[in-house]
Amino acid sequence: MHRFRVALIDDHEIVARGFAGLFATLPDIEVVATVATVAELLAEVGETPVDLVILDLRLSDGSTVTGNVDRLRATGAAVLAFTGGDDAGLMRAAARSGVLGVVRKSEPTDVLLDAVTRAAAGDTIASTEWAAALDGDPDLSDAGLSPREREVLSLYAAGAKAPLVASHTGLSELTVVDYIRRVRSKYERVGRPANTKIDLYKRALEDGILPVPGRS
Amino acid sequence: MTALTGSTGSPGTLQATDSTVPIPMVAERPAHTATANLTRLLCIAVAAAAGIFGLLSLPSFLAQAWPNSALAAAAWAASFGLPIALGLSARWGSARIRRGIVAAEALSFVGILGFWLIVRGTPLPAGADIPWVITFTGVPCVAVAVFAQPRLVWAFTVLTSTLSGFVRFTTSAEANPALIGLADGLYSLLLVSVFVAFTLAARRASARVDEATLLTRQAEAHRAARVARRQERLSIDALVHDSVISTLLMAGLGRTPPSVVSGHASKTLTQLDALRSPPPQPVLLVSDAARRIGTLAQQIAPDAVVRVDNPARAGQEAGIERTVPSAAVTAILGAVGEALRNSVNSAAGQDPARPVHRRVTMLSTTDGFQVTVSDDGVGFDPALVPPERLGIAESILGRMTRLPDGAAHVRSTPGRGTDVVVAWAPDREPANRTPIRPMPPPSVEPVETPSVEPHPSVEPVETPTFLSRSLDLTTPMARLILALFVFVHGLLAVINIVPGRPLALMLGAYLAIVLSAITLMRPMNRPFPRTQVAVALTLSGVGAILMFGYLPAHDEAPFAHWHLGAITLILVVLAARGQIRSAWMGYAVLALLTVGWAVETGQSAMVGVDLVSRHAGTLLAGSLFVVGLGRSERDLRVLTQDDLARARQDATTVAAIRERKAQLRRVNALARPTLLRLAEPHALTAEERAQCLLVEASLRDAIRGRCLFVPPVIHAVQAARQRGVEVTVLDDSADTPPEQLETLARTVADVLDTIEHGRVTVRVLPARRADVATVVIESGAPCILTVGPDGTLRAPE
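Going line by line, the protein sequences match chains A and B.
At position 143 of the first sequence (counting the first as 1) the number is 143 in the UniProt record's numbering, and the numbers step up by one without a gap.
At position 285 of the second sequence (counting the first as 1) the number is 285 in the UniProt record's numbering, and the numbers step up by one without a gap.
You may find that some hints are simply not true.
[To be verified] Over the 12 Å line for every Cβ pair with chain B, so calculated as not near, a few chain A residues: (1) V35; (2) V45; (3) A88; (4) R118; (5) A131; (6) G159; (7) D178; (8) S185; (9) R189.
[Said to hold, decoys possible] EDC-like cross-link-like pairs, simulated, lysine to aspartate or glutamate; straight-line CA separation at most 20 Å: (10) K267/B x E107/A; (11) K267/B x D114/A; (12) K661/B x D273/B; (13) K186/A x D114/A; (14) K161/A x D178/A; (15) K161/A x E151/A; (16) K161/A x D114/A; (17) K186/A x E107/A; (18) K186/A x D70/A; (19) K186/A x D110/A; (20) K161/A x E726/B; (21) K267/B x D139/A.
[What the hints assert, rightly or not] Which residues of chain A face chain B? A few of them, derived with a C-beta cut under 10 Å, are: (22) G98; (23) D135; (24) S141; (25) R148.
Derived from the structure by calculation, the hints contain no laboratory data.
The model shown is predicted, which means the values in this text are computed figures rather than measured ones.
Glycine included, C-beta positions come from ideal geometry on N, C-alpha and C.
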């Protein structure tokens, strides 16, 4: 049986190890590394490709979400963002760089396990927080979503899951899932234009390049 | 003062009571509003005009000398000395002094006119029959226009013009004095009205500037505060996410050994404490500083009256708080304490029963922070204070001079009380000022900052374009003055008809000059176009040439050369509208024409010079006015920019301090007790773990569901979670929370109270959507509800 190679990056290693232990209980998951930075992971796994990286949105090494996701995806790995409940800007930055989704660390165990299993298979992980961050983006119109796609996104953002969205919109559950996948890829495609100073500033805010006190 | 009891200090450092050492002067209360600037400038202009007209009037004054020469000299001195004093007071005098001078000037002028009417109401020798007193009516009128209400200004203008008409009437040697008096009165009215109208227009414009500046300043301060609050919030949020939430999750999920949890908890507590310690460049809110000074005064001199003096427009600046460096507050507290102790010990002198009133006055302005300690005690002579009396020398003056940007001044006169002024007054030099960064906390690792401006810089303040060019000539008042111009010169032309000369020439001259004046009255708030200036000047030139063709040589009639005055007035208006060069070129041509005419008609060239020279004074006064206006505007723009930078900086610092306090208070209230418990290594009970997760969820709500983090929702969420309901609260309204937040909060709390199990997600929607919030309930049959702007809950169809 094929087992997905999964790595965790979290600067609170103790926390990361806890999650690693949890995910290792999944039959088709093999946790290959638990590290604090992207560089460490790249050094540790070398040439062997990793299927999925579970990445903490905030790392204390001064790196940015965008930089981290870009580096990881360049190795062919898919990325699932892990967060304590960060601000929407950071999630948008992650979504623009092409993560599969954003999952809150404090979700119940079954939700976490489900998310990791599906992410390993390349599914979009449309958590409420992720959808709310995208739906609340003042520049969402740039993504050119269709009215249906916007509606589905809004319902996810409100906290509904696929079955409820399907019954609410009269679509099939598969169609809903397909819509949300398209939302994700359209949003990612908009990418991160940073042509003006203002854009740069916004991107900088999103990336959390702000005075971060108390880091140790 | 006999007992300047002192604190200790080495005599080597002593400096201040030595009279050779300059005592730094305390910064003036800021006076760089456009209105204050304009007032100062106008006072100087009035003084300059008084100087010019005083000299011009000297020959007639001497010729008309009154037998009582002392009284006459006093009248002359008052007429020109008072406006010159006004100009001198522009720098140092208070508004009250200036108003007093103007009142005195106005009264003395009316008095002298009355004196001429009553006592000297007899014709003067022909050829020199214009009393000196009516040759400078504009000076007192403009002086009044600088300070008084428009109604009063115009009343005074009409009164003085009328009186000067009557004076001319009673003193004229002409055959028809009534006509001459009427013409003279009206002509005065016209000339003075032009200057008075300019003065009033400039005052209106400067008031508008001040208003606009104040609004910009407030807007800018609010914007800076918003940015600072956001940054500060994000900083704290980042810490909370990273350390507090991680620790709580670690503990709550129970997958981590207790010793590791307690280690993390201690570290997190240390970080929270580090945030509370003072920032590296400490500043205090002015209100805090004032409170401390008040407390100090209460301790040392309980009878002292403590007052916080608001700067002129404090009412309108409400909400903008300033800051003072802590070092400055410490020095000021020390100096104020010493001044109060000195006063308590010595102000009563040898007579302990002598009542002494003490006052502590604080003043905070954009220029800094100033405290004055005054008493009405026995006082002393500062020059006689021996150096070894260190109280004032070291503890007040020395202390304040050592403070960067500090200043102190002691004023005392035996028997007249003592004022001690201490101040922190930083240079008004924005480039040299290191901005107070919004709180980089002490334990921060250097974080790479983006090369972009933390807050995109704003456009410079909209400083009004040149006041001088914004003089609107389409107002009813301007039209009225034009009508007066047409009428007065028509009258003058008619009474100066010379029999036997070609009337058509004079009529043509009159029409050309009137047309020239009318071309100036086009609706414009911008500089005159060149063509317009050319047309006006050409018409005036044509008028002048026609008039000189008409006039016989040696016409000694009082208003024979009325066209020179009329054209000068047109030139004055051009100058006032910023066309100074054109105006003077026009004047030069006019002077050449006049001299040419004099020579051509067989008179001496001096006759021509004499005719035009007195109009130069009028044009000079107008030009000085506009040059000064331009210069003062440039200064003002710099000051305004500076003021704005300071407002921005203050607002940033103040907002950051407040936001940090509020955020820390919240985090500490929510998480500190739990973190303290976790810091003691022990195996956690299931209940404790649940508590950790509850606190974690609450912190998350505070950050991600910010606008709904209010009591009814907080309690309902907590209760629901304790019942086992999984609650998520999201706020995507960013900086524009719903208007009916309370109603929304109540609705949300009510919904939560009805849920017994399952999952609830509440989301406040981004601004400008039809609904304000959504509620998804997955408890039994799942449903999606929306909350409308009025707070009503709906199930969408």
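Against the structure, the hints come out as follows:
Every Cβ of chain B is farther than 12 Å from the Cβ of V35/A; the closest lies at roughly 16 Å, confirming the non-interface assignment. Separation of V45/A from chain B is adequate, the least Cβ-Cβ distance of about 24 Å exceeding the 12 Å criterion. Against the 12 Å criterion, A88/A falls within the reach of chain B, whose nearest CB is about 7 Å from its own CB. With a least beta-carbon separation of about 19 Å from chain B, R118/A lies farther than 12 Å from that chain, consistent with its non-interface assignment.
Not every beta carbon of chain B lies more than 12 Å from that of A131/A, the smallest distance being close to 10 Å; the non-interface claim is violated. Distance check for G159/A against chain B: the nearest CB is about 2 Å away, which does not clear 12 Å, and the non-interface claim fails. The Cβ of D178/A lies farther than 12 Å from every Cβ of chain B, with a closest approach of about 20 Å, so its non-interface assignment holds. No beta-carbon of chain B comes within 12 Å of the beta-carbon of S185/A; the shortest separation is about 22 Å.
Every CB of chain B is more than 12 Å from the CB of R189/A (nearest about 22 Å), matching its label as outside the interface. For the hint pairing K267/B with E107/A, the CA-to-CA distance comes to about 25 Å; that exceeds 20 Å, so the pair is violated. Our distance criterion of 20 Å between C-alpha atoms is broken by K267/B and D114/A, whose separation comes to about 33 Å. The hinted pair formed by K661/B and D273/B meets the criterion: a straight-line CA distance of about 12 Å does not exceed 20 Å.
The hinted pair formed by K186/A and D114/A fails the criterion: a straight-line CA distance of about 24 Å is larger than 20 Å. Straight-line distance between C-alpha atoms of K161/A and D178/A comes to about 13 Å, which keeps the hinted pair within the 20 Å bound. A hinted pair counts as satisfied when its Cα atoms are at most 20 Å apart, and K161/A with E151/A qualifies at roughly 13 Å. Proximity of K161/A to D114/A is assessed by CA-CA distance (about 13 Å); at most 20 Å being required, the pair is judged to hold.
For the hint linking K186/A to E107/A, the alpha-carbon distance of about 27 Å lies beyond 20 Å, and the restraint is violated. Between the alpha carbons of K186/A and D70/A the distance comes to roughly 17 Å, so the proposed pair stays at or under 20 Å and holds. This hinted pair does not check out: K186/A and D110/A have alpha carbons roughly 29 Å apart, beyond 20 Å. For the proposed pair K161/A and E726/B, the alpha carbon gap of about 15 Å is at most 20 Å, so the pair holds.
Proximity of K267/B to D139/A is assessed by CA-CA distance (about 39 Å); at most 20 Å being required, the pair is judged violated. With its C-beta approaching chain B no nearer than about 22 Å, G98/A sits outside the 10 Å limit, and its interface hint is violated. Interface restraint check for D135/A: the shortest CB-CB distance to chain B comes to about 7 Å, inside 10 Å, so the restraint holds. At its closest, the beta carbon of S141/A sits 12 Å from a beta carbon of chain B; the interface hint therefore is violated under the 10 Å criterion.
For the restraint placing R148/A at the interface with chain B, the shortest Cβ-Cβ distance is roughly 16 Å, beyond the 10 Å limit, so the hint is violated.
In summary, the numbered hints that this structure violates are 3, 5, 6, 10, 11, 13, 17, 19, 21, 22, 24, 25.
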